[in-house]
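Undergrad: Sequence:
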Amino acid sequence: DGEQTVVLLPRSPSPSKRYFPIPLDSLEEEYRIRSADDGKLFREEFNVIINCYEASREHNREKNRYPNILPYDHSRVVLSHLDGHLCSDYINASYIDGYKEKNKFIAAQGPKPETVADFWQMIWEQKTATIVMLTNLKERKEEKCYQYWPEKGCWMYGNVRVAMEDATVLVDYTIRKFCIQYQGSDGPRAPRLVTQLHFTSWPDFGVPFTPIGMLKFLKKVNAGVGRTGTFIVIDSMIDMMHMDQRVDVFGFVSRIREQRCQLIQTDMQYSFIYQALLEYYLYGDTELDVCSLEGHLQRLHNTRAPHDRLGLEEEFRKLTNVRIMKENMRTGNLPANMKKNRVLQIIPYDFNRVILSVKRGQEFTDYINASFIDGYRQKDYFIATQGPLSHTVEDFWRMVWEWRCHSIVTLTELKEREQEKCFQYWPSEGSATFGDYTVELTGDTLCETFTLKDMVLTYRPEKQSQHVRHFHFHGWPEIGIPAEGRGMIDIIAAVQRQQQQSGNRPIIVHCSAGAGRTGTFIALSTILERVKAEGLLDVFQTVKSLRMQRPHMVQTVEQYDFCYRVVQDFVDIYSDYECLIVKYHIIKNKN
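Numbering (the UniProt record's numbering), first residue to last: 1 to 591.
Simulated crosslink set (DSBU-like; lysine-lysine; CA at most 35 Å straight-line): (1) K463 <-> K453; (2) K144 <-> K177; (3) K141 <-> K379; (4) K104 <-> K219; (5) K421 <-> K379; (6) K216 <-> K138; (7) K339 <-> K415; (8) K326 <-> K359; (9) K144 <-> K127; (10) K141 <-> K112; (11) K532 <-> K453; (12) K104 <-> K532; (13) K104 <-> K138; (14) K216 <-> K100; (15) K318 <-> K339; (16) K220 <-> K532; (17) K127 <-> K216; (18) K104 <-> K177; (19) K339 <-> K463; (20) K127 <-> K177.
Pair by pair, the computed Cβ-Cβ distance ranges are: (21) E142 <-> E478: 44 to 54 Å; (22) A129 <-> G153: 16 to 26 Å; (23) D350 <-> V169: 19 to 29 Å.
Honestly, the hints are just simulated from the structure, not real lab data. The beta-carbon is built from N, C-alpha and C at its ideal position, and this holds for glycine as well.
All chains, full assembly: derive it from the sequences and hints.
TA: Right, dumping it as structure tokens:
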């Protein structure tokens, strides 16, 4: 082996500085210390890790996407030679060790058109069963990875035939299943199944806003560079946590950098690793199989003394650790917008607030107290908002019109205990006009626990109209929770049916402040959709994720408990549930 050149990053601290493994009980404090002063210590620690470069051979240059990210000879994946092809054993891919597991991963660049056949040759020769993809095909209009799989049907890549079997699109990632078969000169080999897990929520710049999606994705993976390294380090350090009760990010990154240069490219990626590990350490794996829900509920409600719901209250208390980011609420706190908020503590974050078009010549008319919220399969699937005030009704209908919403869910009565909770923004009969918008009532149906109204919304300046369906749930008192879960299951199902018929535009959900009951409804919609698709639920992480998108979502321990109860009711109602899930998977696999 030749000597490797080590080039330290400019202005890095003395390489003699040592960073020791961190015991788990010190992880939270260590994260806090390193995050202080805008992550100064994270930058210092990251810059100590060696940064290295290696020259490329002329005939392999076109196979490399980036000239400074090349595999070392001692750890590169070697393909079997193709007859008469010079350097046909080369692919820009490196073996990477896991924690106490040699060559657990292969880190590879996103294939280019001229390397797709090499990529599938590697998958076949290495007997790879899982491909983890951490880039989108294009980012900022620049190609990051050539699409190396067929959208449908099958395709030949070199000697490997690849057939698309199935694809499931979820909010943070997509799962694709391929059947691959090597076509040799002596005939085809036995086919194999390969699963591709494609993480789609990594932003073009920086790192994801929260590690929740990545940890969920990582779990799915367990049943080439930068992000690839981030994924490998998080996976390996979780293994170390379980085995040794400590983590050694610095030591591990230093070691894998000797197997492939520039794994972990920025201090943001480096600190994101710590953030993900802390998240995992503090909250662990809270995912449940529907079959174990009943036992989990009994443990949460294990009462030693009267009214002592220790497990449940402890789980809910952890949710209150989610910091309310007041510095991210600037728009809602502008003096001109304050009067548009029903409750001053519940203001949308700037990064996901619903933006209206500015009215000509009128400043501050792009604000409404409403937040985009992710669903199970789709980003921005819901809009969580407050019950309109008399002076924000036109803004409300403007939002419905501009974002082409066809479903509105109301979870409050107009008045509760003599207090206005929501201004009546629809006509009791006939039609009503609010600024530029006319709303006409065309149908009114009373269901068991909710009223269903059909309306036509017309934008008068353009004389254009759209259909809106309004679901008004009546069984939810201001204090407390609905008496039983069936009504909630029914209204969620009715809204889903409407969505399928009207195209999946955002569903508007509101109570009075747009947090407690609204959060509970959205949490349940998301949880039940996952239960139907996978037979799994994670009430804790679902609610935690909602609270990172809008403050105080699912406001009380009773509402939190209600989420569990409704899922249990759902499972009890469909007690032949295993049969239902099996049927679902058979149907899916046939499609």
